[in-house]
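Using the sequences and the hints given, assemble the complete structure.
So the chains spell out like this:
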Amino acid sequence: MASTLSSLFVAAVLAGTPLLLGALGEILTEKSGNMNLGVEGMMFMGAITGLAGSYYYEQAVTKSGGAPSGILSAVIALLVSFLAGAFGALIYSFLTISLRANQNVTGLTLTIFGTGFGNFFGEYIGLKAGGYVAVSGTTKAAFSSLRIPVLSDIPVLGKLLFQYNWLVYFAIIIAILMTWFFNKSRTGLNLRAVGEDPATADAAGINIARYKYTATIVGGGICGIGGMYMSMVTTSGVWVHGCVTGYGWLAVALVIFATWSPAKGVFVALVFGGLTIMRMYVNIPGLPAQIYDMFPYVATIIVLIVTSMRQSKEHAQPKSCGRNYFREER
Amino acid sequence: MKKKILSALLCATMVIGMVAGCGAKPASETGSSDSKDTKTEASAGIAAEDIKIGFVHVSDASDMGYTYNHDLGTKEMQEELGISDDQIINKFNVPEGAECDTALRELVDAGCNIIFATSFGFEDYVKEVAAEYPDIQFCHATGFQAASSGLSNMHNYFASIYEARYLAGIAAGLKTESNKLGYVAAFPFAEVISGYSAFYLGAKSVNPDVTMDIMYTNSWNDPTVESQVAKALIERGCDVISQHSDSTAPATTAEEYGAYQVGYNNDMIEAAPKASLISARIDWGIYVTDAVRNVIEGKEIPVDWCKGLADGAVYLSPLNEDIAAEGTQEAIDKAAEAIKAGELQVFAGPLKGVNPDGEKIEVAEGDYFKEQVDASAPAWNYIIEGCNVVE
Chain H
1 MASTLSSLFV
11 AAVLAGTPLL
21 LGALGEILTE
31 KSGNMNLGVE
41 GMMFMGAITG
51 LAGSYYYEQA
61 VTKSGGAPSG
71 ILSAVIALLV
81 SFLAGAFGAL
91 IYSFLTISLR
101 ANQNVTGLTL
111 TIFGTGFGNF
121 FGEYIGLKAG
131 GYVAVSGTTK
141 AAFSSLRIPV
151 LSDIPVLGKL
161 LFQYNWLVYF
171 AIIIAILMTW
181 FFNKSRTGLN
191 LRAVGEDPAT
201 ADAAGINIAR
211 YKYTATIVGG
221 GICGIGGMYM
231 SMVTTSGVWV
241 HGCVTGYGWL
251 AVALVIFATW
261 SPAKGVFVAL
271 VFGGLTIMRM
281 YVNIPGLPAQ
291 IYDMFPYVAT
301 IIVLIVTSMR
311 QSKEHAQPKS
321 CGRNYFREER
Chain F
1 MKKKILSALL
11 CATMVIGMVA
21 GCGAKPASET
31 GSSDSKDTKT
41 EASAGIAAED
51 IKIGFVHVSD
61 ASDMGYTYNH
71 DLGTKEMQEE
81 LGISDDQIIN
91 KFNVPEGAEC
101 DTALRELVDA
111 GCNIIFATSF
121 GFEDYVKEVA
131 AEYPDIQFCH
141 ATGFQAASSG
151 LSNMHNYFAS
161 IYEARYLAGI
171 AAGLKTESNK
181 LGYVAAFPFA
191 EVISGYSAFY
201 LGAKSVNPDV
211 TMDIMYTNSW
221 NDPTVESQVA
231 KALIERGCDV
241 ISQHSDSTAP
251 ATTAEEYGAY
261 QVGYNNDMIE
271 AAPKASLISA
281 RIDWGIYVTD
291 AVRNVIEGKE
301 IPVDWCKGLA
311 DGAVYLSPLN
321 EDIAAEGTQE
331 AIDKAAEAIK
341 AGELQVFAGP
351 LKGVNPDGEK
361 IEVAEGDYFK
371 EQVDASAPAW
381 NYIIEGCNVV
391 E
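So the sequence lines, in the order shown, correspond to chains H and F. Sequential numbering of the first sequence, starting at 1, is according to the numbering used here. Sequential numbering of the second sequence, starting at 1, is according to the numbering used here.
To be clear, the hints were calculated from the coordinates, so they are not data collected in a lab. Among the hints, erroneous ones may be present.
[Said to hold, decoys possible] Derived BS3-like pairs (lysine-lysine); straight-line CA-CA distance at most 25 Å:
#1 F:Lys-340 x H:Lys-159
#2 F:Lys-340 x F:Lys-370
#3 H:Lys-63 x F:Lys-274
#4 F:Lys-370 x F:Lys-352
#5 H:Lys-159 x F:Lys-307
#6 H:Lys-128 x F:Lys-75
#7 F:Lys-307 x F:Lys-340
#8 H:Lys-184 x H:Lys-63
Shown next as structure tokens:
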């Protein structure tokens, strides 16, 4: 029983991490008053570019006769996927902030674009590589579970806390940094002001466009890293058609579930991750798999109802979210 | 005034369009009566350079599994019959829903003479469209309705993959140390159940103590769930994982967590060199070539087509000698010879099983279950003792 629970916990963390990264990116975006529904698209873009970055780096090094370094390959995947997600968000920002296009429509378009982008280049690189794109063992090892001396060997706790791949810790660090940023730093408070009431923030001398652009682009980059997690960890560095499908939307749901708080995001991502894989670990006799698969969505609906009933100002969507800011229309 | 002229013009265009639309109908009727005349002529066939061939696939070759493998069959046929690339129309990533109907009709409109639909869930749509276009041949893989549909232009095909799975099971049975195998299964359908039962029987033939846990993904191709299910199986103590799902995710997951894997559809050693032992494969090229050749020569395509190990329609990818247990190749070769000679039956008695609806079956000693003999689709959907479905 205890071992089943600890296995469930570990699997929940692994399943929850890409959701957490996607949700953190979207929280940062929404705090600036931009509702970017293109999370799935940006995750797809991060997924394929991260994989391609590592793959081409390996190819280049092997060709010149060297041996690729796992750490460098992982860093390249991280940077490239961040840039790809940021690029997707840049398109979105330009359309919504500068051209003031409808945010929902632009976000949905970005999802469609990103999905096509990921699958097209995934197939293209695969075909060029002889039908198949897979990273080498070195890169795979860089994305597999860490073995931290001493810590990983602690019974029970070692397995529960210190045997994940580095992206899990990376995601938690980002969540902690973001919590600090939103509550303790002046820039973070300014950003929240922009998201709540851009006109007031504008009057206070905050550069609205700059804040919105930066938050949306960095948020998109974090979503991109979440996508890279899918292609590098979940499918172990092999490009599989549609590997992100559905996860981006779960991440958007998670933002609501986390009530726009990055710290809560860590816990609800764990719950969400747990709910998505629960049926493989906890068997309730007579309960069909389809019901299990509904759990994350049912949970989101319940949380939506509860939060709307509480009407807390603290834990609600930033007020200007979804609306573009026209200075001339104040 | 301008607006009036414009609207008058628009009306005129619409009327012309309608007239043209109506006009097209009798044209197509005459077209079909023409082809009725050619039906007797159809025995004369079509020139190889004029034939058009359509495919509807549930994913694309990047799955490195099912569709990739079927696509190899297409290439084999092209080479054999000298068909050029522009005579082939592939519809990739078609979901098992109304999109399949659209894809089939697009292929019909593109002038295909023969259309292959390769996923189980396409069958109802194939049946519907085939009934409307009697001059076009429709071939559906893994289905079971062609014979009962009464349509002369609808055909089912499959291969006796259970024979190859039995042999692949031998590799797993010899390799396992925990005596617990894991199976990532798509759906609780006969095609899947027949496959894992054969795999389990193969493993049991060399390792009587072995048991197997089976977990469903409820999808033919969902790499994320496949990988999560594989991990859950490994956590349950399974040290060799096999699969009836389209992607390489179970192989890469097995490698990551130090387990071994037996693949399906494709040699997965490249994806997971430290985990993938061997794969059971289907050579679709034999059927695709036969069917297309029959259309060219104006011959009938069999309603149900199923061949196995003896004809090379199913085979095993090379064994990963670096990690396989000693004597695996010999054991597989021996069993393969026996199957080819008809001395070894996979579903041989004494064998007991229960199907998902609770119906029981008992195969007596000396008798065997005739799998894929009368119909091309697998029929064994009984869960045998030692197989534990985790739900």
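Proposed proximity, H:Lys-63 with H:Lys-184 (alpha carbon, max 25 Å) = Distance of about 49 Å is beyond 25 Å: violated.
Taking only the CA atoms, is the gap from F:Lys-340 to H:Lys-159 under or equal to 25 Å?
-> At roughly 49 Å apart (the allowed maximum being 25 Å), H:Lys-159 and F:Lys-340 break the hint.
For the pair supplied as a hint, H:Lys-128 and F:Lys-75, confirm whether the alpha-carbon distance does not exceed 25 Å.
-> 17 Å, holds
If you draw a straight line from the CA of F:Lys-307 to the CA of F:Lys-340, is it 25 Å or shorter?
-> 11 Å, holds
Sort out whether F:Lys-274 lies within 25 Å of H:Lys-63, counting only the CA atoms.
-> 23 Å, holds
Is the hinted pair F:Lys-370 and F:Lys-352 satisfied, with a Cα-Cα distance of at most 25 Å?
-> Given pair F:Lys-370, F:Lys-352 holds - Cα atoms ~15 Å apart, limit 25 Å.
Holds or violated: H:Lys-159 with F:Lys-307, Cα cutoff 25 Å?
-> Violated, because 49 Å separates the two Cα atoms, which is more than 25 Å.
Given the hinted pair F:Lys-340 and F:Lys-370, is their alpha-carbon gap at most 25 Å?
-> 15 Å, holds
The structure fails to meet hints 1, 5, 8 from the earlier list, while all remaining hints are met.
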